[in-house]
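K.L.:
Read off the chains here:
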Amino acid sequence: MNITPPIYKRLARKYFHRRTAPGAAPGTLVSDKSKHPTTMRTMTYGSGQLVEQKIEQLDQLPKPHDGQVVWLDITGLADAPIIEAIGKTYSLHPLALEDVLHVHQRAKVDEYGNVLFVVARMLYDDRPLDSEQVSLFLAKNMVITFQEDPGDCFDIVRERIRQGGRICARGPDYLVYALIDAIIDAYFPRLESLGTDLDDIDAQITASRGRHSLSRLHEIRRILIFLRKLLWQHRDALNVLVRQENELIAPDTHVYLRDCLDHVVQLLDVAETDRDSCIGLQELALAEIGQRTNDVMRVLTLITTVFMPLTLIAGIYGMNFDPNSSPLNMPELRWFFGYPFALSLMSILAVIMLGFFWARGWFHR
Amino acid sequence: MNITPPIYKRLARKYFHRRTAPGAAPGTLVSDKSKHPTTMRTMTYGSGQLVEQKIEQLDQLPKPHDGQVVWLDITGLADAPIIEAIGKTYSLHPLALEDVLHVHQRAKVDEYGNVLFVVARMLYDDRPLDSEQVSLFLAKNMVITFQEDPGDCFDIVRERIRQGGRICARGPDYLVYALIDAIIDAYFPRLESLGTDLDDIDAQITASRGRHSLSRLHEIRRILIFLRKLLWQHRDALNVLVRQENELIAPDTHVYLRDCLDHVVQLLDVAETDRDSCIGLQELALAEIGQRTNDVMRVLTLITTVFMPLTLIAGIYGMNFDPNSSPLNMPELRWFFGYPFALSLMSILAVIMLGFFWARGWFHR
Amino acid sequence: MNITPPIYKRLARKYFHRRTAPGAAPGTLVSDKSKHPTTMRTMTYGSGQLVEQKIEQLDQLPKPHDGQVVWLDITGLADAPIIEAIGKTYSLHPLALEDVLHVHQRAKVDEYGNVLFVVARMLYDDRPLDSEQVSLFLAKNMVITFQEDPGDCFDIVRERIRQGGRICARGPDYLVYALIDAIIDAYFPRLESLGTDLDDIDAQITASRGRHSLSRLHEIRRILIFLRKLLWQHRDALNVLVRQENELIAPDTHVYLRDCLDHVVQLLDVAETDRDSCIGLQELALAEIGQRTNDVMRVLTLITTVFMPLTLIAGIYGMNFDPNSSPLNMPELRWFFGYPFALSLMSILAVIMLGFFWARGWFHR
Amino acid sequence: MNITPPIYKRLARKYFHRRTAPGAAPGTLVSDKSKHPTTMRTMTYGSGQLVEQKIEQLDQLPKPHDGQVVWLDITGLADAPIIEAIGKTYSLHPLALEDVLHVHQRAKVDEYGNVLFVVARMLYDDRPLDSEQVSLFLAKNMVITFQEDPGDCFDIVRERIRQGGRICARGPDYLVYALIDAIIDAYFPRLESLGTDLDDIDAQITASRGRHSLSRLHEIRRILIFLRKLLWQHRDALNVLVRQENELIAPDTHVYLRDCLDHVVQLLDVAETDRDSCIGLQELALAEIGQRTNDVMRVLTLITTVFMPLTLIAGIYGMNFDPNSSPLNMPELRWFFGYPFALSLMSILAVIMLGFFWARGWFHR
Amino acid sequence: MNITPPIYKRLARKYFHRRTAPGAAPGTLVSDKSKHPTTMRTMTYGSGQLVEQKIEQLDQLPKPHDGQVVWLDITGLADAPIIEAIGKTYSLHPLALEDVLHVHQRAKVDEYGNVLFVVARMLYDDRPLDSEQVSLFLAKNMVITFQEDPGDCFDIVRERIRQGGRICARGPDYLVYALIDAIIDAYFPRLESLGTDLDDIDAQITASRGRHSLSRLHEIRRILIFLRKLLWQHRDALNVLVRQENELIAPDTHVYLRDCLDHVVQLLDVAETDRDSCIGLQELALAEIGQRTNDVMRVLTLITTVFMPLTLIAGIYGMNFDPNSSPLNMPELRWFFGYPFALSLMSILAVIMLGFFWARGWFHR
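In the order they appear, the protein sequences are chains A, B, C, D and E.
Reading the first sequence from the start, the letters are residues 1 to 365 in this note's numbering.
Reading the second sequence from the start, the letters are residues 1 to 365 in this note's numbering.
Reading the third sequence from the start, the letters are residues 1 to 365 in this note's numbering.
Reading the fourth sequence from the start, the letters are residues 1 to 365 in this note's numbering.
Reading the fifth sequence from the start, the letters are residues 1 to 365 in this note's numbering.
Be aware that a few hints might be false.
[Stated by the list, open to error] Which bits of chain B does chain A cover? Going by a derived footprint, with three or more residues having C-beta under 8 Å, they are:
hint, segment
1, 269-277
2, 300-313
3, 328-335
Hints listed in this document are in silico derivations from the structure and should not be mistaken for laboratory results.
Just so you know, even glycine gets a beta-carbon here, dropped at the ideal spot from N, CA and C.
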């Protein structure tokens with residue numbers, strides 16, 4: 001995964017926005033033109049038939065019948081009136097609709113009378129610290145989904161509907177399962193790529209390379225915390241779904257939801273393990289820095305300790321005491337072996353110093 | 001958010017005060033002239049009517065009737081006798097009144113017979129580590145609120161009452177919800193501004209600038225811990241409210257309370273994530289300091305290691321051994337190429353040293 | 001709070017003592033002359049009357065009647081026979097009596113038939129890491145308290161009894177509440193003073209002063225852990241009391257106990273927050289040390305890097321190569337501008353070095 | 001245990017693979033030729049008889065009768081059609097079969113109608129961070145096991161069946177217990193070897209040797225986290241099994257399952273303790289590095305502090321001030337005891353310096 | 001407590017052994033000659049009588065009658081056949097017997113029909129990281145205990161039986177309580193001695209002495225983790241015992257078991273607090289190391305900064321520029337006050353440097 005810093009910075013905070021205005025009346029829907037324009041399409045299947053349709057007018061909104069499943073898929077949340085009209089047509093609770101528009105909900109399951117409201121969060125391909133809110137309504141014979149942006153991970157589900165897979169033989173509850181399952185499955189490659197990144201950094205640190213490991217590890221850890229938070233929310237939400245005693249969800253769909261919950265738990269496992277690895281690697285990288293400072297210090301001390309005494313000796317024999325004033329004044333300067341003596345003294349001292357450090361093990365790194 | 005240190009220091013401890021006197025009889029109300037003087041006003045609405053009134057005399061205190069909602073809003077807690085009188089008029093429990101005056105209660109919900117007592121904590125605009133206690137009593141047809149200081153985040157609620165919004169069609173329980181919701185909503189911009197601060201610091205640390213990051217991070221972390229504590233309290237209190245089987249709270253108000261609880265949980269999520277970020281950034285800033293020490297050390301060691309041997313050579317050829325006493329005494333001094341030889345020796349040594357450090361990768365930062 | 005180290009050291013371990021002899025029969029009471037001698041006094045109140053009495057003889061021990069409350073207050077645990085006699089007179093369980101004497105119990109509530117046994121722990125004024133055990137027995141019409149040492153925080157309760165406050169109109173359960181409440185209230189000033197200490201240290205660290213902060217923080221953290229442990233115990237004990245379905249405790253006393261529990265939870269909140277602050281400050285102080293090492297290193301490196309090359313140049317022109325042996329031998333020494341050239345070389349080098357460090361930002365701290 | 005880095009790197013991520021294709025229909029079985037080819041064998045025992053058979057054709061698949069236990073053991077998961085056929089023959093649920101093929105399941109217990117599906121994870125001998133999935137189906141009179149690779153820890157179970165041990169007198173539930181028990185038992189030597197490694201490192205750090213301790217500790221900690229995760233999964237799964245009210249599991253088998261659960265808890269205990277040790281050792285190793293830096297610094301400072309003043313003195317008496325120009329110019333150079341005086345000055349200074357450091361305790365390490 | 005490293009190293013791992021052979025049939029008892037040889041003795045008391053007997057032959061095994069309590073105490077687990085025979089005589093479950101022999105069980109309580117099986121762990125006097133397993137069987141009128149080694153903390157219980165204490169008037173359940181209580185009581189002095197050690201180290205660190213504190217703290221922390229683990233196990237086990245609705249345990253024994261549970265909780269409290277202290281001290285010791293490095297650095301920088309410029313000046317005036325070649329060449333050398341000027345320059349520079357450091361507060365430690 002290529003974490004481009006500018007995007008990362010620009011989007012880091014996007015996942016947390018205040019409600020329209022603090023203290024506004026709950027259930028107020030406000031159009032926001034910075035969002036994508038709203039488009040609608042439906043897939044109606046069951047009894048062997050399949051109709052796909054793009055909805056242009058609100059009066060085209062389908063009325064679901066028994067024996068068929070209608071999936072109304074709305075993309076883009078810019079036009080509050082349209083969404084409000086949909087809410088009225090299908091009797092969706094105002095608070096739920098408000099949650100649809102305020103796209104920073106946690107993943108959750110709420111029950112409003114005979115409609116089940118599920119919020120799930122879909123990963124973006126290009127924004128590591130952001131997620132798209134998908135709001136699902138499960139009603140009798142009907143599933144309504146709201147997405148923030150065009151592009152989703154549901155194509156494989158649509159394909160399975162078109163090919164008349166098992167999904168066509170079952171009710172809307174199974175469709176909800178299939179959609180959530182598709183969202184969850186998209187977490188796998190993300191975590192896998194982070195894991196690969198961690199392995200690379202591990203190799204780099206062990207090889208004592210890679211000075212920028214620490215800020216990369218910090219970034220990865222932040223993404224892992226972000227993913228873990230999302231996964232916990234989905235875990236909670238799926239737990240509610242699995243335990244739900246609700247006539248909207250057929251008993252044999254529970255097995256599939258439980259399977260999906262298993263996947264989330266498995267992902268959480270991986271995220272936790274990777275976070276542990278990440279922390280461990282950060283500590284290792286820190287220790288590596290400390291160890292290097294130590295090594296550098298040792299070189300410095302070695303050099304200083306070896307050369308300082310030698311420099312002193314050279315300095316002493318560079319003093320200008322007058323040999324004529326006294327026989328005590330630097331007689332070495334006139335010895336026959338004076339110069340060799342001084343050089344030998346230096347060499348011997350250097351060897352002793354090096355031997356001392358050798359004995360203390362400073363050369364065995 | 002601009003965290004001015006002096007205010008921060010002055011107020012840091014204000015949120016924690018001892019009860020009037022340790023061991024005093026519970027239920028004793030003591031006037032405290034350091035507090036704001038007590039003022040009262042009411043809003044009476046329902047059945048399409050709205051009366052706003054400033055109460056000057058205790059005998060003006062309203063008697064609520066069926067079909068209307070009376071909101072008695074008391075600001076300033078300086079005059080214990082007035083508050084005691086209000087308590088007697090509306091049969092509020094002495095312990096609850098004591099909690100009203102001792103403004104360091106946790107957010108909580110207590111049930112005293114047919115009156116529900118809620119404590120919520122409102123953020124101050126200018127004091128990051130302090131919060132104002134708002135005490136709410138929910139009785140039949142009536143809501144009583146006590147605030148410490150003038151100025152609150154309830155204006156938007158008052159406006160909605162004046163405009164005859166949905167709030168006017170519902171009972172006092174909905175008013176309590178609306179007030180709590182207004183308090184909670186005010187946490188969003190605070191957390192958002194802290195988050196922006198964290199992002200700035202993140203950018204600074206990554207750019208290796210900003211030496212004072214650590215104490216700023218410490219401050220932000222402290223505020224986050226403070227906010228998290230408040231949010232946990234509200235979460236607990238709202239959980240009690242949502243689960244309350246109480247005739248004072250209509251069943252369909254529960255949906256709204258649950259929505260408010262959702263907001264608190266969402267805020268907690270953000271606070272936790274920001275706290276994790278904060279800790280991560282602190283560690284990164286620390287590592288940055290260690291890394292810099294390392295870099296500085298490397299420069300020092302490099303310089304020392306390169307220059308010490310050269311200085312020694314210069315020192316040696318500065319010795320005054322007498323060439324007349326012996327042909328062994330520093331014959332180099334009289335070589336034809338003596339001086340160039342010495343300079344070349346130095347240059348070669350320097351190049352070897354630098355090559356050694358190059359090989360060890362000290363120049364590739 | 002003035003934490004005098006010697007006392008702190010001397011008393012640190014006092015709060016943890018082994019039972020009389022490991023494996024001794026439970027219920028064995030052993031006199032311990034190192035403890036305070038045992039004295040007894042009673043307060044008997046109710047029906048508008050109040051009798052205070054000092055008990056000298058065991059046969060003076062009061063027999064409680066209906067309609068009055070007897071508070072038998074025993075101070076000093078040196079005389080096991082007296083305590084055993086009291087136990088027999090009022091049918092206290094041997095294991096509870098053993099707990100009275102082994103003064104290192106946790107705060108707790110035990111039910112022995114129709115007697116309720118409560119252990120609470122009272123703070124000492126002068127020993128930050130020690131607490132005094134107060135054992136309370138609640139029986140019909142009677143409260144018995146055992147304290148380790150003279151001096152307590154109950155005077156305010158006694159005063160309220162003497163002044164015929166609400167306490168006189170209620171049963172012994174309310175007295176037990178009032179005593180526990182007095183003990184808990186004494187925790188407030190202690191935590192407040194620790195909080196003030198923390199604020200001071202915070203200010204010192206931010207001002208980069210105060211080298212002994214770390215050991216003071218360690219001490220404060222230790223005291224906070226100690227207080228938190230005590231508060232948790234009281235929280236557990238009060239939770240048991242509040243939930244107790246026991247005829248000894250009147251239903252309307254529960255409201256007061258719950259209020260007391262609220263105080264404990266509030267104190268725990270403060271202790272937790274302060275502990276977080278303490279840890280944060282420790283980390284900040286550590287980072288400050290690292291930052292200073294960094295600053296010191298920078299000065300060292302700067303000086304070394306600037307002066308080493310200059311010293312080398314001076315050393316080179318101090319070499320004694322013989323100018324007469326060769327025109328190549330140090331011709332600079334006989335240049336007309338030789339000396340100024342050397343000094344200029346040094347100055348230019350120094351300026352280049354300083355410019356290099358300026359560019360790397362070593363002067364912008 | 002010999003942790004070969006290349007294998008460790010290569011396999012670190014193998015334990016986490018995405019499902020066949022994100023969003024694929026659940027229950028889809030896809031052949032994967034990178035897996036081991038599928039082989040089957042059966043052991044049929046009970047009523048004193050034992051038949052072992054290698055299954056080559058799907059029509060050889062045994063039909064279990066009352067009074068006997070059939071253990072169908074499938075190794076290698078390459079051939080999806082064969083596995084699908086087995087699933088159809090014995091009515092195994094498609095989701096369970098999918099889990100069999102996607103070999104990255106957590107250890108778990110699922111109930112599908114009258115078949116119990118257990119996933120356990122078997123350690124590899126040569127891959128410290130990988131585990132093999134063993135899927136067990138417990139049906140009436142029958143146990144079916146799927147393994148990823150040839151080679152397992154079940155030989156001892158097979159031997160006990162061949163020798164007609166207690167296992168032959170009991171039902172398939174006991175066989176499931178015996179197999180899980182064999183898997184769990186294989187964790188003991190792994191943890192034991194890690195513990196021994198930790199002890200070795202402890203000894204090395206205490207002896208101030210072993211610079212590579214930190215990366216080894218990081219590796220061990222990672223393996224411990226991996227093992228702990230597996231053990232937690234098995235603990236959860238066994239808890240479900242022990243509490244299962246299922247006619248497939250005889251009541252007296254519960255005692256054995258509880259015993260197996262005890263072993264897992266014991267292993268968890270060891271893993272937790274070892275992880276604590278590991279963290280402690282990492283901190284100790286870090287402190288050791290800091291301590292060494294300290295020691296090296298002290299040597300450096302000592303040498304510098306002793307030699308710098310001496311070098312300065314030598315430098316001073318090496319200055320060339322002209323004695324003929326002024327009697328003030330370096331008269332020492334012509335003193336009778338000039339040279340001895342300079343040497344003595346140096347010696348005295350050195351002794352004073354050393355004494356100063358001695359007094360500050362720099363020699364007492 | 002004197003923690004002798006060799007013993008500590010040798011025994012560190014002893015507390016964790018694999019079962020006889022991985023995958024062996026459960027309930028297999030294998031003789032292990034490395035264990036102590038098995039000896040047996042009984043105490044039979046009740047109805048005022050007491051018989052103590054050493055059992056040499058298996059047919060001497062006592063048959064308990066109503067109205068008496070038989071305590072069969074087996075020491076040493078080397079002879080599996082004897083233990084198997086005892087198991088058969090008293091109908092002990094094979095899995096329980098297996099647990100008796102595999103002496104690395106957690107403290108626990110298991111119920112096998114009408115026999116209660118309790119595992120407790122007794123501290124060794126001389127092995128800080130090891131504990132001896134004591135297995136207790138409570139049957140009707142009978143208690144059977146198995147110990148690994150001779151020597152235990154039960155002498156005080158035996159003495160109380162001999163002296164006809166309260167223990168003789170009660171059933172075998174009270175004997176089990178007394179034995180567990182004796183085991184738990186022996187934890188008190190161990191924790192007390194560790195606490196004293198911690199206080200000593202605290203004093204040493206505060207006094208900036210004691211370089212080996214860190215490895216000692218690591219050792220103490222490891223022991224505390226070990227003790228805490230044991231205490232948690234006992235807490236769990238005693239919780240089961242206290243809550244057990246079992247006819248083997250008389251209701252009034254529950255009070256005593258609860259008292260014993262209280263002791264364990266108290267010990268856990270101390271262990272937790274000590275562990276917190278230990279971690280705090282480790283951090284303090286680490287900070288102390290960092291602080292010292294800082295101090296050493298400051299001395300080094302001071303010396304270097306003061307002497308380097310002086311050495312440079314001496315070097316400059318030691319240059320050999322020829323005064324005869326140019327009047328610009330080092331005229332200072334022939335000044336009348338040349339030498340005093342140079343010395344004064346040096347002194348002034350030194351004073352300025354020292355003043356600079358004084359101003360930056362480097363002398364105020």
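K.L.:
It remains to establish, for every hint, whether it holds in the given structure.
P.N.:
Status of each hint after checking the structure:
1. 269-277: holds (count 6)
2. 300-313: holds (count 8)
3. 328-335: Satisfied; 3 residues make the cut.
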